[in-house]
Amino acid sequence: MDQLSWIVGGIALAVLIAWYLSYGAARLDRLHARVEGALSTLDAQLVRRAEATLELANSGLLDAASAMILAGAASDSLEAGTDTESQTSREAIESDLTQALELALGEEALRHLREDGIVGAPVLARVAAANQRVQLSRRFLNDAVTDVRRVRRKPGVRLFRLAGHAELPQTFEIDDELPMLGRGA
Amino acid sequence: MRVGIVSPYSFDVPGGVQLHVRDLAEHLICLGHHVSVLAPADEDTPLPHYVVSSGRAVPVRYNGSVARLSFGPRTAARVGRWVEGGRFDLVHLHEPVTPSVSVLALWAVEGPIVATFHTSNLRSRAMQAAYPLLRPSLEKISARIAVSEDARRTVTTHLGGDAVVIPNGVFVERFASAAHRPDWVGTPMRPTIAFLGRMEEPRKGMPVLAQALPQIVRETPGVRVLIAGPGDCGPVRERMTAEAAAACEFLGPVSDQDKASLLASVDVYLAPNTGGESFGIILIEAMSARATVLASDLPAFSRVLQGGIAGELFRNEDPVDLARAVAALLRDPIRREQLAAAGRERANVFDWSVVAADVMAVYETVTQGASSVRASSEPDSMWARLLRSGRSSGGM
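Chains as they are written, first to last, in the numbering used here: chain A, 4 to 188; chain B, 7 to 402.
Any given hint might turn out to be false.
Per the computed footprint, the stretches of chain B lying under chain A, defined by three or more beta-carbons under 8 Å from a beta-carbon of chain A, are [stated by the list, open to error]:
#, region
1, 144-150
2, 157-168
3, 363-371
Far from chain A, some chain B residues (derived; all Cβ distances over 12 Å) [as the list claims (entries may be wrong)]:
#, residue
4, Pro20
5, Asp29
6, Tyr56
7, Thr81
8, Ala82
9, Glu116
10, Ala348
Facing chain B, according to a computed beta carbon distance under 10 Å, are these residues of chain A, among others [claimed, not checked]:
#, residue
11, Tyr26
12, Arg30
13, Leu34
14, Arg37
15, Glu39
16, Gly40
17, Ser43
18, Thr44
19, Ala132
20, Gln135
21, Ser140
22, Phe143
23, Asn145
24, Thr149
25, Asp150
Because the hints were derived from the structure by calculation, they are not lab data. Just so you know, even glycine gets a beta-carbon here, dropped at the ideal spot from N, CA and C.
All chains, full assembly: derive it from the sequences and hints.
Below you can see the structure in the form of structure tokens.
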């Protein structure tokens with residue numbers, strides 16, 4: 004009798020642990036999928052921003068020096084997108100692109116672009132929209148990363164290695180503020 | 007895009023969140039998207055064609071005011087059916103931590119989720135107690151939107167992580183084109199003030215107005231206070247002095263059209279709310295209608311009114327300051343005109359055309375991420391993915 008209840012108790016405990024582990028694994032898997040999705044979106048948005056910047060540089064509406072700086076920063080970013088470089092250097096390259104945009108889009112250049120309704124204004128709107136989407140996807144990625152890191156710090160998750168061999172994701176930190184473009188598209 | 011939107015509050019009674027949901031849905035439908043809204047509603051409530059009822063709502067005291075919420079196993083089953091049948095690209099939940107349809111949908115949805123936080127006082131006791139239970143499902147949310155800086159701060163301090171600020175939208179043109187009603191337009195001898203909101207809800211500020219009224223009437227004897235909104239005016243009237251009660255005209259609940267006309271007609275629109283407001287959509291509606299706004303200096307209101315440029319502010323819960331501000335405004339038509347013009351200009355920032363473009367940008371960001379994950383992981387099951395080693399989720 005006593006033995007039987009021990010066995011039943013043991014089985015119940017095993018079931019409970021198994022449930023906890025599979026639940027934890029499913030939760031973590033969902034979080035990793037979220038990070039993966041957010042990361043690929045951010046990657047796509049960064050590429051789109053660089054393309055829009057290149058378009059702006061080639062519009063012929065900026066002075067030659069600004070256009071060269073922009074084109075250089077944009078093509079650096081496009082190259083970084085295809086390479087599998089470390090995240091830190093990508094962050095630096097994207098921050099540089101933001102800075103280049105900030106420098107090139109001074110008050111006078113902005114006015115000049117906005118006056119040209121056929122090429123200037125639409126291309127500027129595309130850069131603004133692309134940058135807004137970079138900001139959004141970066142924020143969503145960082146939220147997802149924060150969630151993953153918090154769950155992976157849990158002792159149960161660490162002890163049973165529920166994360167498997169998945170790398171610990173990093174937040175993506177760049178300067179993406181372009182206040183002179185105003186709000187979005 | 008197929009979008010499912012969930013409102014936790016009943017459509018039987020108008021409210022900020024419900025109106026936001028309705029306007030967003032209508033604007034998205036205009037843009038050519040497929041939209042279905044899930045919300046609690048009584049069976050006999052007439053609903054727009056895009057709204058699906060999750061069942062009857064019951065009044066519950068929650069978060070400091072009475073909310074009409076819907077829950078229970080029957081509701082949960084209905085929510086599940088709606089989620090399954092909708093085949094949504096994305097589900098947009100409003101107030102996901104309210105114990106109503108939103109939280110049920112949060113459990114049921116497997117696809118991408120966007121959540122909008124409206125309140126600035128999230129940390130209710132219920133929320134604290136249920137937090138460990140909620141945490142894993144809150145992790146399903148891919149993108150968080152806050153309607154104001156205050157709402158965002160609440161999200162970041164209590165839930166961790168961040169949220170994008172996208173303000174509530176207003177169809178500015180609807181209010182801007184509202185007709186004046188002669189019997190609501192003030193004259194120099196009989197100026198008019200408007201108050202809108204449920205009377206028995208103290209947070210809407212009726213008690214503050216009632217306390218300030220005797221002084222307002224003393225300084226401007228001909229003043230008419232037009233009070234619109236649901237609720238029993240009997241107890242409110244009883245608590246006032248005879249002169250104050252005589253100045254009040256109770257209009258009862260008004261239609262959207264009448265609300266716009268009221269805002270457009272009166273000399274001053276008054277918002278003495280004492281708290282619980284994270285945004286104050288009504289202020290923007292009033293500004294769109296070119297009303298002169300006088301509001302309590304809640305942080306949210308102050309931000310909408312740009313610290314007093316687009317409307318006047320008085321010290322929150324201070325009837326003396328309220329009376330002083332009313333008297334000053336009624337005496338100064340030039341100042342009123344100035345504030346009304348600045349307010350009308352400010353309102354444009356909150357027009358749905360601007361706001362919906364921002365919401366759409368969030369939707370696109372989220373669905374793009376979800377579809378790229380689905381494309382790369384469709385063939386293998388969760389277990390296969392778990393067991394496979396070295397799946398990278400880090401570097402790019």
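Hint-by-hint comparison with the structure:
no., hint, result
1, 144-150, "holds (count 5)"
2, 157-168, "holds (count 3)"
3, 363-371, "holds (count 6)"
4, Pro20, "holds, 28 Å"
5, Asp29, "holds, 19 Å"
6, Tyr56, "holds, 25 Å"
7, Thr81, "holds, 24 Å"
8, Ala82, "holds, 19 Å"
9, Glu116, "violated, 9 Å"
10, Ala348, "holds, 19 Å"
11, Tyr26, "holds, 8 Å"
12, Arg30, "holds, 5 Å"
13, Leu34, "holds, 6 Å"
14, Arg37, "holds, 6 Å"
15, Glu39, "holds, 5 Å"
16, Gly40, "holds, 3 Å"
17, Ser43, "holds, 4 Å"
18, Thr44, "holds, 4 Å"
19, Ala132, "holds, 7 Å"
20, Gln135, "holds, 6 Å"
21, Ser140, "holds, 5 Å"
22, Phe143, "holds, 5 Å"
23, Asn145, "holds, 7 Å"
24, Thr149, "holds, 5 Å"
25, Asp150, "holds, 5 Å"
Violation of the numbered hints given earlier is confined to hint 9; every other hint is satisfied by the structure.
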